[in-house]
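Chains as they are written, first to last, in my numbering: chain L, 61 to 412; chain A, 61 to 412.
Same chains, same label: a pair holds when it works inside one copy or across any pair of copies.
Calculated cross-link-like contacts (lysine-lysine; reagent style DSSO-like; alpha-carbon spacing at most 27 Å):
(1) K404 / K153
(2) K157 / K271
(3) K160 / K234
(4) K271 / K160
Simulated from the structure, these hints should not be mistaken for laboratory data.
Please read these numbers as outputs of a predicted model, since none were measured by experiment.
Number of protein chains: 2
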Amino acid sequence: MANTLVVEKAKTSKIHEVDFDNLSFGSTYTDHMLVCDYVNGEWKAPKIVPYQPISLDPSAKIFHYGQSIFEGMKAYKDRDGGVWLFRPLENFKRLNKSAKRLAIPELPEAYFMEGLTTLLQLERDWVPQNPGSSLYVRPFMFASGTGFHASPADEYKFIIACAPSGAYFSGKVKVLIEETYSRAANGGVGYAKAGGNYAGQFYPTQLAVEKGYQQVIWTDDNNHEFIEEAGAMNVFVRINDTLITAPTNDRILDGVTRKSILDIAKSEGIATEVRKISVKEVVEAAKNGSLKELFGAGTAAVVSPIAAFGYQGVDYDLPELENSYASLLKQRITDIQYNRAEDKFGWRYKVI
Amino acid sequence: MANTLVVEKAKTSKIHEVDFDNLSFGSTYTDHMLVCDYVNGEWKAPKIVPYQPISLDPSAKIFHYGQSIFEGMKAYKDRDGGVWLFRPLENFKRLNKSAKRLAIPELPEAYFMEGLTTLLQLERDWVPQNPGSSLYVRPFMFASGTGFHASPADEYKFIIACAPSGAYFSGKVKVLIEETYSRAANGGVGYAKAGGNYAGQFYPTQLAVEKGYQQVIWTDDNNHEFIEEAGAMNVFVRINDTLITAPTNDRILDGVTRKSILDIAKSEGIATEVRKISVKEVVEAAKNGSLKELFGAGTAAVVSPIAAFGYQGVDYDLPELENSYASLLKQRITDIQYNRAEDKFGWRYKVI
Ligand SMILES: Cc1ncc(COP(=O)(O)O)c(C=O)c1O
Ligand SMILES: Cc1ncc(COP(=O)(O)O)c(C=O)c1O
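Construct the complete structure from the given sequences, taking the supplied hints into account.
In structure tokens, the structure reads:
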């Protein structure tokens, strides 16, 4: 396929307008994007074109029925200018898992992998080298087919766009354990990276932000009894010296960072448990001092320590540890991602 | 506002290309649309422009985070060429209820009502007069603001597009009572007309279609114990001579047709109950013969009798009644909508 991938280069580059020392998250885009169309029952060969607006009929189903999914990855630059991805096949597989649940046709692996690699090779100068920065890579797919009938579209677009990015969170992260709203239903689409899952979180998150929190920790929708995940991160709890995270299910996104962190923790000799975590257990552990850490894990947020959580009107501060699991695990995973350490798991993927 | 509503007329009309005797649902669009932009913290005055493609940046949040809502209304033409809407303020209020839940800024009432009326006056020739046909009116709103950060957009578009339409369903409707998948979570966005609610239904509906059903009847996500609603309709059950529908809650759309049907039924002296309906009760009623009718009610589908339902591998046929509630109520509501009868409820709204 690589031979047939058509590349239309941008006439000029915007790269000189970008201040790589002061990157925000996901708000400047590179010169090119990959575009692939599903028409007449098949995915046509992808093309790389200059980053440009998308033109859609007002009746395109993306506007009406939320048929959209996405992925989030990062390209990392090492000291020698080499560019790397982290477990990209996991993102590809999850994309197709999401596609299936949203009744979107699955994409051939080669279109994703070769399209992605070729695009990143072309955009290599856009991958930042500054510590903590990376090129955020956003593959997404949506219904471009038209009609006001509530049924799956007959045409789709798959696009990969890239944004040189700095940190996702700034400052200390304080979270609110949610007691009223929910992110996902049993038997719903919570395990998919479906657009609609995110829009539904914005209002409850705004309410939490008004109360002084940055993020909501979602709980099950039956009784708000168990901790599930955060807006764009899976959640880890350290009680005494055991690291615990909720099992994935049809409400929780199966995070690539989550499973990588679990593997690294095990290899570091940290006791891990994958089991349901009740809010009650976390609150009691906070009260009796056995709750040592709480952190989020996700591609965008990497490993984000949580400084405090709120529940039923009470705030619980987490201790500030010298040698936290969060800092160790963040070090280890970023060492692999930025090609600073041996990759015994075979997770790194060379782009160029 | 009416004075300031800018109208840019289409140079030519597509109306002669349309076969008004063979209209499908929502697949041909009229010559104009209303567009209103939210920028710099406010909704700018709406404009009427020729129906045309929308151009968006690939990072527009509609593609990534599902921030989109819509409404569905119909414009009806009477024998004298008069054009009517049905309770349009209810749709306006629900639009803003949806907007709030999806963290989209609420729209001023005048922008909606005057925009809608002016657009329909301009498109009056597009409103079909054939029995069972109408002009389907689709107001929708979505995030046009950009960024890969999972947070609400700072720009939005509100659009009204119109499609002359025939019946939503063709043939007899057979439904499947869902036991695995769910439409909405407690504390979720099910009560909003959010795009994401529809995409999530497509896959389970496809599975039902493969088994020979047209639609899924959604049940609660805790235990699939209670009947909630169908894809784009609320559901009514007639047991003996009582008409029953589920109470609305945060998982169920508060349908305009549903509440109108309830009012009409009462005024016809039909016993009505708004209460939870267990699947068990419906199955038992089907077995002992007390289940007389099952029908869906919604703007698109009007009143759609259900011929049979499937549950746990068994199909239950509904009897074919001479004088069904469904046919009476459909007659009464469409008589009001098409200005064929007195409107004692004050629901009709004159467009022109
Ligand atoms: C809801 C949700 N949970 C968890 C994650 C973390 O997943 P990953 O580590 O694959 O980025 C993400 C972000 O991708 C997410 O959107
Ligand atoms: C999920 C859902 N339920 C019910 C309805 C019926 O609502 P209404 O009667 O207002 O059209 C609709 C359609 O609008 C819907 O989408």
